[in-house]
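2 protein chains.
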Amino acid sequence: MNRKRFVDSYLKKVFRVIKNYRLVEKKDKIFVAVSGGKDSTAALFSLKKFIEETTIDCELKVFHINFDLPVWKDVEKVIKKQAELAKVETVVIHLKDFGISLEEIAKKVRRPICSCCGVIKRYLMNKIPREMGATKIATGHNMDDFIVFFFKNLLSQKFEWIAKFKPLLPSTHPKMLCKIRPLFEVSRDENEKFCKILKIPFVREDVCPYSYIKYGLDKNREKWYQTIDGIEKWNRNFKISMIRAIEKMSNYFRQPPEEIKTCLKCGEPSSQEVCGFCKILMESKEKI
Amino acid sequence: MNRKRFVDSYLKKVFRVIKNYRLVEKKDKIFVAVSGGKDSTAALFSLKKFIEETTIDCELKVFHINFDLPVWKDVEKVIKKQAELAKVETVVIHLKDFGISLEEIAKKVRRPICSCCGVIKRYLMNKIPREMGATKIATGHNMDDFIVFFFKNLLSQKFEWIAKFKPLLPSTHPKMLCKIRPLFEVSRDENEKFCKILKIPFVREDVCPYSYIKYGLDKNREKWYQTIDGIEKWNRNFKISMIRAIEKMSNYFRQPPEEIKTCLKCGEPSSQEVCGFCKILMESKEKI
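Chains as they are written, first to last, in this note's numbering: chain V, 1 to 288; chain U, 1 to 288.
The reader is advised that the hints may include incorrect statements.
One copy or two, it doesn't matter: identical chains are merged, so the pair holds either way.
Unchecked claim - In silico lysine-lysine, DSS-like type, Cα no more than 30 Å apart, as pairs:
id, residue 1, residue 2
1, Lys265, Lys26
2, Lys158, Lys12
3, Lys175, Lys261
4, Lys158, Lys199
Honestly, the hints are just simulated from the structure, not real lab data.
Let the sequences and hints guide you as you build the complete structure.
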């Protein structure tokens, strides 16, 4: 497939998801959570192209969390370059401005650093954009990610998680943003190819010194990605059939809407009395 | 693992399923549907051993459908030998006694022969044992079969089929036998090894001239078996976790009990006015 045809076909797939699931609506203010990697970069540029083509009245912003690890200066540079190319405003927050050092916290609370990072990221990705008037937060999760998550959650019988494998997760609390995943039906390889053809700079997945690839936190994860790529080779359309089946299946696992509490410490939405973010901060202070 | 330890561990797995799901109960009269292959052979002998060890008051019978294809004389011999070894009575029925020639029917109704065979087999496997006083029918479906069926049904979004992936399917109609699958948590390789160690004769899977292996009806099927074997290599316990997850998941897909009709032609249970078996017979006669 030549380059132009690839980009057209790629965007067709992404736009179909955006339209079918109404990911972008009039008056939306969408913050795209970007890491600098190929996936979130592809999410940003395809959302931008969708808005340009449809001329829908919708505002887009790049949202990035700088982890203040040595390499992050370069990551921020790449992201600013991307935002410039996309002609989109950038909001960058620094963990240190919240008094947070990821490495110190992880040491003190004795949890894997990636687990702490996840809690902190999910918290700030909801709170900051919402405070800045966002209506939705977009992420770069791709088809492969969801298929691999599906296997992991299926095997551990966490069916309630599979309920969330959808291109749009509506808000379940006044302070909880709606989440959108425009890349639900494209693969990680397609995202990379899209960025490369359009000559958009992006950072390597393993730029984070704690990347699971380097750190070996989850060796099986990469094996799962290889396995689904392997199946696709002899079973064309496996991935697209799989992601669509997962989306349909997820309806069966919908839970009765659980009561989302408000964290006693910070007032953010939480499934427990005190939210995961505040717990981590408290624990890390207790152990000083 | 030495031979004795393998057999002990194999039987432990099968007995656990038999006990947990109450596959064998007092006063049961269980017909084991055997093809002569390793799986149904293993089902017969492990059920026999369970009954011997627990001394439960339960009758076992071997049930076999002879397809009257040239090779079937040898198949029947092997089955009679197995039944002799297991000291279990044998019920063999011949398709020709029902005025059926599988090859002719398949030609006339223009359906794949394996599809006709499936309809006929399922019909007779329920009707004949029931008329002879059976309370349950046992089959040799193994863990691998269910995992592969799961993928096929997941990809084609036939979730209602996944609802049936359980070690015990209760009767849903007065004329429908309860089905049991004692090998739900053992693999096809384990079944073969079990038969070989116990020196029980069995026939090769592809003894049928229409076997999918020879006939290439479903090339992907064998690929799926290889894929799950491949995953098991780097992800120990994948299959057992998977089959247990499927069993749990199947509960989510349970349909409200559909009204099972009674076939207008033969009076057997059917989902439609006329059952699949009668339809095939009618179609084949119309086209003479």
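With 30 Å as the alpha-carbon cut-off, assign the pair Lys265 and Lys26 to within, between, both or neither.
-> neither (35 Å within a copy, 60 Å between copies)
Evaluate Lys158 and Lys199 at a C-alpha cut-off of 30 Å and name the case that applies: within, between, both or neither.
-> Neither, since 40 Å and 42 Å both go past 30 Å.
Could you figure out if Lys175 and Lys261 sit no more than 30 Å apart (CA to CA) within one copy, between two copies, both or neither?
-> within (11 Å within a copy, 52 Å between copies)
Intra- versus inter-copy proximity for Lys12 and Lys158 (alpha-carbon distance at most 30 Å) | between (33 Å within a copy, 27 Å between copies)
Hint violations for this structure: numbers 1, 4, all remaining hints satisfied.
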